[in-house]
Structure formats: C-alpha cells, structure tokens
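Protein chains in written order, with numbering that gives the first Met the number 0: chain A, 0 to 357; chain B, 0 to 318.
Since the hints were made in silico from the structure, they are not lab data. Note that this is a predicted model, so its numbers are computed, not measured. Ideal Cβ positions, reconstructed from N, Cα and C, are used throughout, including at glycine. Any given hint could turn out to be false.
Said to hold, decoys possible - Distance condition first, Cα-Cα at most 30 Å in a straight line; then the derived DSS-like pairs of lysine-lysine: (1) K212(A) x K92(A); (2) K135(B) x K128(A); (3) K149(A) x K9(B).
Unchecked claim - Which stretches of chain B does chain A cover? Using the computed rule of at least three CB atoms under 8 Å from a CB of chain A, they are: (4) 103-117; (5) 121-131; (6) 205-211; (7) 266-275.
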Amino acid sequence: MLYRTAGQFKTSYKADHALFPVRQDALLLGFILLLAFVVFPLTASEFTFRALLIPVLIYSLAALGLNILTGYAGQLSLGTGAFMGVGAYACYKLLTIFPEMNIVIAIAMSGFFSAAVGVLFGLPSLRIKGFYLAIATLAAQFFLVWLFQKWAWLYNYNASGAIQVPNIDMFGITVAGPRATAMTQYYFVLGVVSVITLFAINITRGRIGRMWKAVRDMDIAAELVGINLMRAKLTAFFVSSYIVGVSGALFVFLWRGAAEANLFDIPLSFRVLFIAIIGGLGSILGNYLGAILIVALPVIISTVPATFGIPVDSAMVEHLNVMIVGALIITFLIVEPHGLARFWAVIREKLILWPFPH
Amino acid sequence: MELLNAIFVKPFADMAAAPDFLLQVLWEGLVGGVLYALIALGFVLIYKSSRIFNFAQGIMVVFAALTLVGLYEMGVPALLALPLTLGVMLLLAISIERVVLRPLVNQPDIILFMATIGITLFLIGLGEIIFGGENKVMITEQLGIPTGSILFEPFGGFVSIEEKDLTAVIGAGLLVASLLVFLNKSKIGRAIRALGDDHQAALSVGISLSTIWVIVWFIAGVIALATGIVWGARAGVSFALEVIAYKALPVLMLGGLESVMGAIIGGLAIGILEKLFEIYWGQPLLGGNTEAWFAYMLALLVLLFRPQGLFGERIIERV
C-alpha cells in the first residue's frame, strides 16, 4: 500500500531519470527533512544536539567525501583524517588572517586547500593501485599530522599547540565559538550538509559519476571506451577531499571548538572508513545510516544495560564499543557487503510488491 | 647557500667527525629494522598464501605480548607461559579461519582487507577488556634473555650494545632462516606456496585450504609473539605497540607484497635509513620526529618509479 507505483506514468526520458521517479520517495524525503529541520530542533536537548545530531551530520559528510573516492571511484584511502585536518587548519588560518570574512565563505574556501592536498597525494594513484595506494594515502596521514604539530605558523604560535575557535558572528548571530548555541550550530551544519549532499547526489548521477564508476569497475575497459583515467581519478580525489575538508572545518568550528594535531590521527580516518563500509560503499544514503549507527552505538551501550540494572563504567563502554564495531564490520562483510543502504533497498523492493511476495 | 650546506655537507662532516656515534646510530637503526622486517614477514606470509592483506598483524603482536605478560602476572611460570601463549595464538588462528575467512572465501581482496580491519578492532576491544589498557613490563629476565650491555671502543670513542638487542637480532635471524627452510623444503611449505600460486589448482590436487590457512595464520602468530617479546623488552607492552605495525607497511611497499627477501631487506634498509635521516637531517633541520613519516615518503618515492616495489612481482594485466 505504502509504495504503490501504479498510476505513476512516465512519458519521457526526462521523467524516467528524474531525481525521484517514484512519488513516495519524495514524500519520504520530505518527511525526513521535516524531522531534521523542524521536529528535532524543537524537541532536542542540548546534550542530544552536541552528542548525537551534530556529530552524525559531520561524520556523514566526511564519510560522503570518502565514499565518493572509495565507493564510486574505487580508490581506497586511509588518509581521511589528515584531509579533515587540512580543512580545519585552513579555515582557522583564513579566519585569523581575514577576521571580517563570512564563516560560510571561509569554510567553503578551506575545502579547496584540502582538495589541492588531496590531488597531490592522489597523483601516485595514476601508477599504483589497490593496497599500495592505500599505504600511499597513509603517507599523507602521517606526514600531515606531523606538519600540523611542527609548523607553528599553522596554529599561530600558540603555547598550547592547539587551535581554538573564537566567537564568530554571522548576520548578528553567533554561530561558532563558546557563545554559540547548539541549535544555531545544528542549523548551520544541517544547511551545509544538505547543500553538499544535493551536489553529491547529482554529480554521482551524472557524466562524471558514471566516469568514476567505470574506472572503479574496470579501469582498463574504461580507458578503452575513451575515459581519461587521469582526469577521472584526479577529479575523484579533488571532489572527495573538498567535501572531506569542509567536514573537517565543520568538525572543529561547529562541534569540537578546539583541536590538536592528534585529533586528526589514524583513529579518525578509520572511524570515517567504518561509517562508509557499514553504511554501504557506493551509496549516499548509507553514509547517514552508518554515521547514525557509529555515533549512537556508545550511547546505546552506556544507557541500555543501565536501564536493566547493569551499569557499565565508561572505560568498559569504550572497550565494548571498539569490539562491537569490529564484530559489526565482519558481520556486515559476510552478511551484506553493500551495507545498511542495501538493507533499505531490500525493504523498499518488498514494500513496492507488498502484500504479494513476488 | 647555508641551507645547501646544512643538507649536503654538514651531516657528512658530522658523520666523519664522530664515527663511534655513527656506528651507534647504525646499530640502533639495524635493531629497529629487524623488528620492521619481522612484522613485514608476517604480512608477506599471509599475503603470499591467500592474497589477504592482513592489517591485523600489528594487533596480533600486541595481543601475543599481552597474553604472555598477562599469564605471567596470573602466576604462571614464565617458561610455561610461552607455550601457553603459542596455544592461544593457535586458537586465534583457528577461530579467525572459522569465523571470518571461511565465509569470505573468493570475495574481492578489498573485502578481506576490511575484514582484517574488523579483526583488529575486535582484538583491541577484547585485549583491553581482558588485560586492561595500562602499560606492562615485558618479562625479559624471566624468559632467560640477558639484559646487560656490551661496550666497544672503536675509533677512540665507545659504542654500547644492549645484550637483549643482540639476542633479538640473532633470534630473529634464526627464526627467519628456519622459516625459509620450512617454506622451501617441507611438504607444508610447498602446499603454502602452491596455494599462493593458484587456489583452485591447489585444491584440486588435494591441498586443504582451511588447514593451510590455519597453519599460515599460526606461523604469523608465532612471528607476532617473537616481535612482541623483542619490542616489548625495548618499549614495554601496551596498545601503543600497534604503531610499529604501521611502520611495517612502507617496508612492504618498498620490498613488494609477496617477497620474503623484500620484507627482510626493506625492513633493514628502512630501519637504518630512518635513524640516519632523523639524527643527521631531521633533528637539526625539521624539528625532529621525522621517523613518523620518513619511511612512507621513501616508499612513495620508490613506488613512483617502480610501482611493484623493489622485489615485487610485476603485475601484468590483460583484458
């Protein structure tokens, strides 16, 4: 009943290739947007904003960036955390050199810095593949984090070596820094994430996206049909690191408030990779589902046993969390290599046919 | 001009001025290199026999060392704890094969790689729950490893060599030699190499895939234990040890993923070069701690000219 497609006729190619060929999808998305833009802000507490909603959005944006590179263009990267760092430090330098700059412009521009660095470290992908490339991106990870520590200019020669977010106003409202409220930050992040998601959906549906998928599925065949491998791979690195850089800027400026170089170390890269794997490589929706799962998991572990009278101390929560994420990754790879997004696709298929089994 | 001097002249002048210090640096680099080579060897062994890039090798080192020390702390005598730890590694190998590898047989390489990342996380969580997250001291003396140091006096200066490092270098050499003999001469070794060449052909002549996988992962576990004892004796046993696994990855790139010789030579080369670079270029010019990335940058440079690494097999793709 819910997903009856009868009566929705498509009479042109344009209609067949629209963003929402099935009307119910658009309705569902409208419902989710209503939840995100109206219902959550009205009902959420300060804790929910800071511990769940904002991190879910930022992590899903970072995973979206990685997914474009790994899931769509097939280039495995383990250096996401460092590219987030480039975005964050670039945004910090931009805002300290030009204090009058609008923060939206600063964040949008900081993405270009990480995109440039991403393309630079993507250059080896033209010659090396697979695991060799994955290790090459680790080179970016280790080198950049070292640079964030040693290059004092990056953190304005602070004694602490950390970058601190000042109070930043936009049109008279404080959006970043200690004075900003969680709700304005949430709206800011939600706005940026929505715009970039729309962009990502369209670029992966279009000519460039199909070029990436061809390279991912078989690069030699892609080259034979006339795809310029160099351009395809480097655009993937560019777009991916741009999005990752923006998410890094948001990560520090609208959530953490301060950052040290170590924050962008390997665990961050891996967390983003897990979100992309568990959510589903090669899917936009998957990033959100994966981020929700990864961010909510420690909260669930610490609250659910407690309601049954078995309190778990915080160190144990951390250990259990790591263990369960590891087990989840293995389970997903065995049961459903396409991740959570595939689960939703299966449910949707069933709903279209319901109540008939075939 | 001054910069050129600091890059090209001064380091070599320093080396010539204090040859005893240079020797000391080279020795330290060699010992580090032996450890990288050992870890890389664990990777290569598994990659050769099953095309799995085993990211969990680093955590296996930590896990083996923690088990050994943990058993000793529970009151098991040191020399009994050693075989017990080997038993735990065998159990680990069997369960990895059963739970993870068997259902994932014939999946793309990348899926298996991610599965080993999953194993890594699972073992980190499990290890922390069982043994706690704090730093432990390796039971070096109890295992009968000498702990003194030997002083040499070449070129009028002096070089100090710790006996446990010497034991480690000799022990690692013996381990590698016996491993090479095992791989090249024994029946199981031949089976392992056959599987590496072609799974289906090996299966069709009656080689059991699952048995060989268990054996290979167990050998990797033994190597991990050896690495864990040596590195634990130098730096203590904690989850920070996992970092050395990341140091072994550029060794693999340099040496090639499927070459045992490559792992050994690459490991020694990177160990020595990164120490030299750190002491003579990194600290005076770049503010130190260049060991964090030097190996990676070196490997990256080599890969640009030889994508399969120095000793790797050339991958030829035909459509």
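Hints the structure violates: just list their numbers, smallest first. 1, 2, 6, 7
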